[in-house]
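S.K.: Given the sequences, and given the hints that come with them, work out the whole structure.
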Amino acid sequence: NAGVTQTPKFQVLKTGQSMTLQCAQDMNHNSMYWYRQDPGMGLRLIYYSASEGTTDKGEVPNGYNVSRLNKREFSLRLESAAPSQTSVYFCAIYRGLTGELFFGEGSRLTVL
Amino acid sequence: RKEVEQDPGPFNVPEGATVAFNCTYSNSASQSFFWYRQDCRKEPKLLMSVYSSGNEDGRFTAQLNRASQYISLLIRDSKLSDSATYLCVVPDQTGANNLFFGTGTRLTVIP
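Those protein sequences? They're chains U and R, same order as listed.
Position one of the first sequence corresponds to residue 1 (the working numbering), numbered consecutively onward.
Position one of the second sequence corresponds to residue 1001 (the working numbering), numbered consecutively onward.
The hints are simulated quantities; they were obtained by calculation from the structure and are not laboratory data.
Don't take each hint at face value.
In the DSBU-like style, the derived pairs of lysine-lysine whose C-alpha atoms are separated by at most 35 Å in a straight line are [stated by the list, open to error]:
1. U:Lys57 with R:Lys1002
2. R:Lys1045 with R:Lys1002
3. R:Lys1045 with U:Lys9
4. U:Lys57 with R:Lys1079
5. R:Lys1002 with U:Lys9
6. U:Lys57 with U:Lys71
7. U:Lys14 with U:Lys57
8. R:Lys1079 with R:Lys1002
9. U:Lys57 with R:Lys1042
10. U:Lys9 with U:Lys71
11. R:Lys1045 with U:Lys14
12. U:Lys14 with U:Lys71
13. U:Lys9 with R:Lys1079
14. U:Lys9 with U:Lys57
15. U:Lys14 with R:Lys1079
16. R:Lys1079 with R:Lys1045
17. R:Lys1079 with R:Lys1042
18. R:Lys1042 with U:Lys9
19. R:Lys1042 with U:Lys71
20. R:Lys1079 with U:Lys71
21. R:Lys1042 with U:Lys14
22. U:Lys14 with R:Lys1002
According to the in silico footprint, chain U covers these stretches of chain R (three or more CB under 8 Å from chain U) [to be verified]:
23. 1013-1019
24. 1052-1064
Glycine included, each C-beta is placed from N, C-alpha and C at the ideal position.
M.R.: Here it is in C-alpha cells:
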C-alpha cells in the first residue's frame, strides 16, 4: 500500500519493554487512526488524530500514547508492553468524501 | 449492546452458490453503512458503501432495512476468490470521524 506505510510489520517484545509503531501517509489526508484487531473482538479504535497537532482517545486508549507531529506521520507508542497488547495494529486514514478508511498493511505485535 | 453485530459464521459454500450475511446496528440515526472485505492476515478494504435502501455492484448486493436496523450482503455466483472475512461497518454518530466494525463473517467458497 503506497498510501499508508506501517513499520515494523512484525515485532516481539518482552513484558515491560517499550516500542513505537510508525505510520506514514502520502495521501495528504487530515484524519489518521490507530486500530487494534483481536480475534472475536473486531477492530477497535485506540487513538485518532483529526489534524496535525491534535489527538483524541478512542475506545481502548489505555496503555498507549500517540504523536502527530506533522500531517504525514502518526505514531503509536507502548511505554510498558503487556501481554494483553498482543494484537494486530492497523493505521488508517479517513477519506472524507467516500467515508472510507484506507488501511496500512498492519503490524503484528507479540508481547511475551 | 454492541454498535454492530454480525452473523457469526463461518459460511462454507460451493462455487456458484448464493450466500447472504446479515448485520444489525444499534443506532437508528445511522445514515450510511459499509461492507469491508478482509483477506487472511491482510488489512480490511472497502467493498461497498450503502447510503439509501441498497447498492449493487456486479455479483454483490447490499440491502438496508432501516425499520429493522439491519444490513445484508448478498453474493451471487460465489467464486473461490470471494473467500474472506466480511466486516459490517457503521459510522460513529457522536461526531468523531470513526467507524464501528463488526467482528466479521468468515466465508469459504469450496471448489
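S.K.: Take the hints in turn and mark each one as holding or not.
M.R.: The hints, checked one at a time:
Distance hint between Lys57 (chain U) and Lys1002 (chain R) is fulfilled; the C-alpha atoms sit about 19 Å from each other, no more than 35 Å. With a CA separation close to 22 Å, the supplied pair Lys1045 (chain R) and Lys1002 (chain R) stays within the 35 Å bound. Straight-line distance between C-alpha atoms of Lys1045 (chain R) and Lys9 (chain U) comes to about 18 Å, which keeps the hinted pair within the 35 Å bound. Distance restraint check for Lys57 (chain U) and Lys1079 (chain R): the Cα-Cα separation of roughly 40 Å exceeds the 35 Å cut-off, and the hinted pair is therefore not satisfied.
Under the criterion of a C-alpha separation no larger than 35 Å, the hint pairing Lys1002 (chain R) with Lys9 (chain U) is consistent with the structure, at around 30 Å. The suggested pairing of Lys57 (chain U) with Lys71 (chain U) holds, with an alpha-carbon distance near 18 Å, which does not exceed 35 Å. With a C-alpha separation of about 25 Å, the suggested pair Lys14 (chain U) and Lys57 (chain U) falls inside the 35 Å cut-off, and the hint holds. Under the criterion of a C-alpha separation no larger than 35 Å, the hint pairing Lys1079 (chain R) with Lys1002 (chain R) is consistent with the structure, at around 31 Å.
Using a Cα cut-off of 35 Å, the hinted pair Lys57 (chain U) and Lys1042 (chain R) holds, with the two alpha carbons roughly 25 Å apart. Taken as a hint, the Lys9 (chain U) and Lys71 (chain U) pair is honoured in the structure, with Cα atoms around 22 Å apart against an allowance of 35 Å. Taken as a hint, the Lys1045 (chain R) and Lys14 (chain U) pair is honoured in the structure, with Cα atoms around 32 Å apart against an allowance of 35 Å. Between Lys14 (chain U) and Lys71 (chain U) the alpha-carbon distance is near 32 Å, which keeps this suggested pair within the 35 Å criterion.
Distance check on the hinted pair: Lys9 (chain U) and Lys1079 (chain R) sit about 30 Å apart at the alpha-carbon level, within 35 Å; holds. A C-alpha spacing of about 24 Å is found between Lys9 (chain U) and Lys57 (chain U), which places the hinted pair at or below 35 Å, so the restraint holds. Proximity of Lys14 (chain U) to Lys1079 (chain R) is assessed by CA-CA distance (about 42 Å); at most 35 Å being required, the pair is judged violated. Of the pairs offered as hints, the one joining Lys1079 (chain R) and Lys1045 (chain R) holds, with about 18 Å between alpha carbons and a cut-off of 35 Å not exceeded.
Pair hint Lys1079 (chain R) plus Lys1042 (chain R) holds up; C-alpha atoms about 19 Å apart against a cutoff of 35 Å. Straight-line distance between C-alpha atoms of Lys1042 (chain R) and Lys9 (chain U) comes to about 11 Å, which keeps the hinted pair within the 35 Å bound. A hinted pair counts as satisfied when its Cα atoms are at most 35 Å apart, and Lys1042 (chain R) with Lys71 (chain U) qualifies at roughly 25 Å. Restraint check for Lys1079 (chain R) and Lys71 (chain U): the C-alpha separation of about 40 Å exceeds 35 Å, so the hint is violated.
A C-alpha spacing of about 25 Å is found between Lys1042 (chain R) and Lys14 (chain U), which places the hinted pair at or below 35 Å, so the restraint holds. With a C-alpha separation of about 33 Å, the suggested pairing of Lys14 (chain U) with Lys1002 (chain R) holds against the 35 Å cut-off. Judged by the Cβ-Cβ criterion of 8 Å, the segment 1013-1019 of chain R is not covered by chain U as claimed, because only 0 of its residues qualify and three are needed. As drawn, the segment 1052-1064 of chain R meets chain U at 0 residues by the rule of a beta-carbon pair under 8 Å; below three, the given contact is violated.
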